[in-house]
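Q: Residues per chain, in single letters:
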Amino acid sequence: MANLDIVKPENLVYTKTKVLTDNVMHYCPGCGHGTAHRIIAEVIDEMGIQDKTIGVSPVGCSVLAYNYFDVDFQEAAHGRAPAVATAIKRLNPDCFVFTYQGDGDLAAIGTAETIHAANRGENITMVFINNGIYGMTGGQMAPTTLVGMKSATTPYGRRVDLNGYPLRITELLATLPGTYYVTRQSVHTPANVRKAKAAIRKAFENQKLQKGLSFVEICSSCNSGWKMTPVQANKWMEENMFPNYPLGDIKVDGKLCENITADRLVLDHPLTVVNK
Amino acid sequence: MAKELKLMKGNEAIARAMIASGTDGYFGYPITPQSEVMETLMAEKPWETTGMVVLQAESELASINMVYGGAATGKKVATSSSSPGISLMQEGLTYLAGAEIPCVIMNAMRGGPGLGTIQPAQSDYFQSVKGGGHGDYQLYTIAPSSVQEMYDFVFDAWDIAFKYRNPVLILTDGAIGQCMEKCYTRDFIPRWTEEERRQHAPWGTWGKPANRSHNIITSLELESSRQEVFNQKLQAKYREMEEKEVRFEALNCEDADYIFVAYGTSARICMKSMELARAKGLKVGLLRLITLYPFPKKQIAELAKKVKGMLCVEMSAGQMIEDVKLAANCSIPIEHYGRFGGIIPSPEEVLEAMEKEIVK
Ligand SMILES: Cc1ncc(C[n+]2csc(CCOP(=O)(O)OP(=O)(O)O)c2C)c(N)n1
Ligand code: SF4
Ligand SMILES: [Mg+2]
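Protein chains in written order, with this note's numbering: chain A, 1 to 276; chain B, 1 to 360.
Derived by calculation from the structure, the hints in this document are not laboratory data.
Idealized CB from N, CA, C, for every residue including glycine.
Please note that the accuracy of each hint is not assured.
As the list claims (entries may be wrong) - Derived coverage of chain A by chain B (criterion: at least 3 residues anywhere in the stretch with Cβ under 8 Å from a Cβ of chain B; other residues may be distant):
#1 74-84
#2 134-147
To be verified - From the derived model, a few chain B residues whose C-beta atoms are all more than 12 Å from chain A:
#3 Trp-47
#4 Gln-56
#5 Glu-58
#6 Met-66
#7 Lys-76
#8 Glu-91
#9 Ala-99
#10 Gly-114
#11 Gln-148
#12 Lys-163
#13 His-214
#14 Glu-302
#15 Gly-341
#16 Glu-349
#17 Ala-353
#18 Val-359
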């Protein structure tokens with residue numbers, strides 16, 4: 001009873017943002033998708049642009065994102081969200097347009113759409129959820145799957161000779177003049193959530209400047225696909241994902257960041273053989 | 001631009017009609033024999049006059065998905081391509097049909113299969129009217145047979161697309177796209193105002209105001225019972241189109257003993273073959289199909305009761321003939337005559353086929 005007594009409006013310190021609907025999310029407990037949704041919704045709320053925002057959801061675990069964001073939304077075919085968003089923005093330049101895509105969607109089947117939307121410098125925000133795996137279809141290899149990492153279609157671990165290298169599409173996009181802001185974040189600790197939210201905010205604010213595409217990668221755990229507990233998954237992500245996918249800004253205000261050397265962009269690619 | 005008589009290519013007519021009909025956006029990728037559509041638009045710079053957006057995409061996959069994105073905001077968005085490009089668009093087309101998004105697509109058919117030829121053909125009939133992509137869906141498919149119809153059908157396409165919330169396919173071929181004919185242009189229809197867009201597309205994703213719930217454009221429904229109900233709704237819409245939107249032209253059919261059934265370029269050839277036949281004393285008529293979906297089933301069934309035989313003429317191995325035979329219930333002799341690989345048959349050879357296969 002004591003607990004219920006304190007549930008009063010004047011004691012409220014944290015609440016669900018109104019840009020998220022009341023629908024119960026279908027994501028697995030521990031999954032990064034829900035947190036990523038929340039910070040995007042908070043940014044839309046804080047910027048007061050709910051009536052001007054149009055989202056595009058992918059094919060992947062977040063295909064139903066439109067049920068959770070209380071803004072107008074379109075569901076795109078697998079990988080095509082950047083093309084869909086391109087036209088939304090071109091025809092509705094006063095709207096804030098964002099795509100929300102997984103690594104299979106954005107960096108495998110939709111690579112062409114991603115690169116060309118970036119290269120045209122579309123004034124949109126792209127949010128890229130990199131969990132190193134195809135979550136929705138049951139944990140198969142993604143373009144981002146680490147070398148040595150086991151998945152449903154690499155049961156003995158990803159092999160470079162067979163499957164090639166993990167694709168760092170975020171670094172690749174940073175080299176294109178059409179991108180204005182490129183960053184990699186994560187949402188596995190409260191501190192990282194705050195940083196990721198600031199990045200999302202910047203990526204949305206940038207749409208007002210009309211200077212090109214803003215791209216926010218969020219390294220995110222797929223504990224179900226990785227076959228780990230949420231806590232193990234976060235630890236595994238720090239130990240294995242981050243050396244391959246270093247966190248932080250890559251390009252800000254149209255310029256590569258000072259620490260982003262050619263080696264960091266291209267060559268410095270630790271081929272960690274991970275065991276799990 | 002007001003009403004004028006001009007000489008222009010079929011592809012140019014499509015482009016000019018898009019601008020004149022208040023189209024908001026065009027997204028395309030070059031492919032012969034229809035590249036003049038985008039070239040004309042780029043040369044006309046409608047973004048400076050009507051405000052229409054024109055963008056060259058990186059592929060037909062991208063252009064059809066740009067159509068999806070733009071059209072789902074309730075704007076008039078179109079694309080055009082030719083057979084290989086239209087094959088790539090099939091994914092987008094089934095999503096557009098499944099999400100019930102009005103839009104206009106033009107296919108200037110060329111010979112296949114594969115990369116085939118850049119010369120005209122009519123071998124995409126099955127792909128167009130039998131569902132080129134997956135799932136049970138229909139595109140309203142309309143087949144111009146002159147430059148004038150290329151122009152006019154763009155206007156008609158917008159009416160149908162928004163009336164039924166359905167994609168409209170203008171199915172033509174390289175010959176009509178490339179040939180020059182006179183064409184009456186129309187008075188410009190201004191692009192919709194913001195207010196009008198919201199009226200025509202209350203379902204559109206144009207930004208959620210406080211007084212309505214969010215609009216969602218999707219073709220996904222994981223609950224089978226709801227997906228079945230949705231399919232039934234689509235089928236009811238198609239039945240309504242079949243009831244109300246069939247278009248055809250019956251020429252000399254009243255007293256005819258034999259008739260040609262054809263559309264597009266083949267129908268133009270058959271007009272001449274029909275004249276030649278009449279000069280010889282043969283009572284030949286022509287049923288020119290204008291809509292391929294919905295298909296003029298009733299009209300063919302009626303004609304089948306009156307005439308002795310039909311020759312289906314199509315620049316293909318014989319696709320449309322299947323629907324003609326079904327409509328006529330195979331009650332009279334019905335044969336196909338076609339050339340393919342980009343060959344356009346002559347009126348004489350078509351008449352000869354009629355005499356050999358049907359008149360006998
Ligand atoms: C054209 C097409 N091919 C394949 C699929 C099956 N499919 C659905 S989701 C998916 C992968 C999604 O992985 P990702 O983009 O990484 O998203 P996640 O689920 O991991 O968030 C695939 C292959 C599909 N829906 N459409
Ligand atoms: S399968 Fe993975 S990505 Fe999908 S909801 Fe579960 S944890 Fe998240
Ligand atoms: Mg993934």
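Q: At a Cβ distance under 8 Å, does chain B reach at least three residues of the stretch 134-147 of chain A?
A: violated (count 0)
Q: A cut-off of 12 Å on Cβ-Cβ distance, and Glu-91/B was said to be off the interface with chain A. Does that hold?
A: At about 6 Å from chain A, Glu-91/B fails to clear the 12 Å cut-off, so the statement is violated.
Q: Report holds if the minimum CB distance from Gln-148/B to chain A is greater than 12 Å, and violated otherwise.
A: Check passes; 29 Å lies beyond 12 Å.
Q: Hey, does Trp-47/B actually stay past 12 Å from chain A on C-beta?
A: Per Cβ check, Trp-47/B is inside 12 Å of chain A; nearest 10 Å; violated.
Q: Just checking, Gln-56/B versus chain A, shortest CB gap more than 12 Å?
A: Its Cβ does come within 12 Å of chain A, the nearest being 10 Å, so this is violated.
Q: Could you check that no beta carbon of chain A comes within 12 Å of the beta carbon of Met-66/B?
A: Answer for Met-66/B: violated, closest chain A Cβ roughly 4 Å.
Q: Examine each Cβ of chain A, and state whether all of them lie more than 12 Å from the Cβ of His-214/B.
A: Answer for His-214/B: violated, closest chain A Cβ roughly 5 Å.
Q: Taking the minimum C-beta separation from Val-359/B to chain A, is that value above 12 Å?
A: Nearest chain A Cβ is 50 Å from Val-359/B, so the label holds.
Q: Non-interface claim for Ala-353/B: all C-beta distances to chain A beyond 12 Å?
A: holds, 43 Å
Q: Find the nearest Cβ of chain A to the Cβ of Ala-99/B and say whether that gap is larger than 12 Å.
A: It is violated; Ala-99/B is separated from chain A by about 8 Å at its closest Cβ, not greater than 12 Å.
Q: Is the claim that Glu-302/B lies outside the interface with chain A correct, judged by CB distances over 12 Å?
A: Correct as stated: the minimum Cβ-Cβ distance to chain A is 42 Å, above 12 Å.
Q: Taking the shortest Cβ-to-Cβ distance between Glu-349/B and chain A, state whether it exceeds 12 Å.
A: Glu-349/B is indeed farther than 12 Å from all Cβ atoms of chain A, at 44 Å.
Comparing the model with each earlier hint shows violations of hints 2, 3, 4, 5, 6, 7, 8, 9 and 13; every other hint is respected.
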